[in-house]
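Enquirer: So the protein sequences, as listed, match chains A and B. Numbering-wise, the first sequence is residues 1 to 281 according to the working numbering. Numbering-wise, the second sequence is residues 1 to 154 according to the working numbering.
These are computed hints drawn from the structure, not numbers from a lab. Remember, predicted model here, so these are calculated numbers, not experimental data. Do not take every clue at face value.
Okay, derived cross-link-like pairs now, SDA-like style, lysine to any residue, Cα gap no bigger than 20 angstroms in a straight line [stated by the list, open to error]: (1) A:112 to B:114; (2) A:74 to A:9; (3) A:112 to B:75; (4) A:67 to B:153; (5) B:114 to A:62; (6) B:114 to A:9.
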Amino acid sequence: MESNDLLETKGSVPSHVRLYIAVLLIVIITELIGIHKFPVGPGTVVLLPMLYAVIIGILITPQVLGKSISVLQKLISRDEVDLAGAIVMISLLPLGVKYGTLVGPAVEKIVKAGPAFILQELGNLGTILVALPIALLLGLKREAVGASVSICREPTLGVIGERYGISSDEGTGTLGTYMTGTVLGTIFFGILGGISVATGLHPYALAMACGIGSASMMTASSASLATAVPAMKDTILAYAATSNLLTGVTGIYSVIFLAIPLTNFLYRKFQPIIQGKKEVE
Amino acid sequence: MEVTGRMIWNQFKVLLLCVIITLIGQRIGYGISISEAIPGMIIVLIICMAALIIKDYTPQLKFPAFAWASLIALILTMPFVPTSKFLLGYTKHVSFLGTTTPILAFAGISIGMKVAKIKELSWRLVLVAFCVFVGTFFGSAIIAQIVLKIQGII
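With the hints as constraints, model all of the structure from the sequences given.
Expert: Here it is, written out as structure tokens:
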């Protein structure tokens, strides 16, 4: 059914009411639990309410806890699950607005940033070249497209969620990379920033690379890079922050106009070669 | 697909309820007063509706409503635009993390039917995410290295 038809409340008010009550309860519970952080090595494991929310959301569906607790099925049945899929796309929009207000004030910096900063944004497409073949080798199908299209921060979640649906195979892939980044991202980049010096690439170039479109991951990677090359600390932190702002502004357009078409193109080329059998989109 | 007033009304109801849930959530999680946050949320709601309507009327552009929402907010908050100060003053009471919690609750429920598949893919998705991190980092670093070298900066 078309998602706009699912949103029709006429005749399905009880279903809408049940779903919103369930989500409200989840939000209240998860916000009460709050943010928990555990320092690990150079980074931090971050547990946010959104993580508990996705887990509780999955748990209360008919095929999970609903299977054994029949009362739960009265609250969340197949109808509410389908409705939730349609609502996700719209519920993402306030996040899009908030994101826009965070990057809007940074627009001036793009004009002043210079060619290296702008061109290295294209390097974010490197994720597709590295991750897509590996995802296919691991046996992922269309999930591979969603997972490797970009670093999958909020803009990608919004765009993929709207184009394919969060519960689609592509959406599952994006959600996987998004959640992994949210929980483990700062640890991974905290380690990567420091050891990246060993590649022989110039610390300034590495500093720009730290700006991947997430403030916390940028902070972790640039701080650890600056610790490795203390003489260049100030420039490293400034380059990383500027690059991160640029990714924040340009990332969403890069995903829509470059990354999604490129990932789909490469999927069509690589999928039959790596997995042998052609998979229909 | 034909755009109808009914469809826009239904979308508005969803947004309104999401915004109310966010107001409650960010009060609990981040201590943001509900009454203080209401004007900011109304602005967010208006921009979201504008984004949805633009998208509904321009299906041939393939530009998602999410991107319209983000673009409108970006343009209105650029430093040299007169609306910037006014908007930022109100939207600062809208928590970024607070807006993510209801989304992920809906998302969790919507993927519940696929739980067997997600279980099967779990560690693979984490591994792919790590490859994504490495790819984006070194992709950018290599291009930056080349351009900075050409410019003679390094």
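Enquirer: Look at each hint and say if it fits the structure.
Expert: Quick rundown of the hints versus the structure:
Using a Cα cut-off of 20 angstroms, the hinted pair residue 112 (chain A) and residue 114 (chain B) is violated, with the two alpha carbons roughly 46 angstroms apart. Taking the CA atoms of residue 74 (chain A) and residue 9 (chain A), the gap is near 18 angstroms; set against the 20 angstroms cutoff, the hint holds. About 18 angstroms separates the Cα atoms of residue 112 (chain A) and residue 75 (chain B), which keeps this hinted pair within 20 angstroms; it holds. Proposed proximity of residue 67 (chain A) and residue 153 (chain B) is contradicted: the alpha carbons are some 62 angstroms apart, above 20 angstroms.
In summary, the hint linking residue 114 (chain B) to residue 62 (chain A) is supported, as the alpha carbons are separated by about 11 angstroms, within the 20 angstroms threshold. In summary, the hint linking residue 114 (chain B) to residue 9 (chain A) is not supported, as the alpha carbons are separated by about 26 angstroms, beyond the 20 angstroms threshold.
Checked against the numbered hints listed earlier, the structure breaks hints 1, 4 and 6; every other hint is satisfied.
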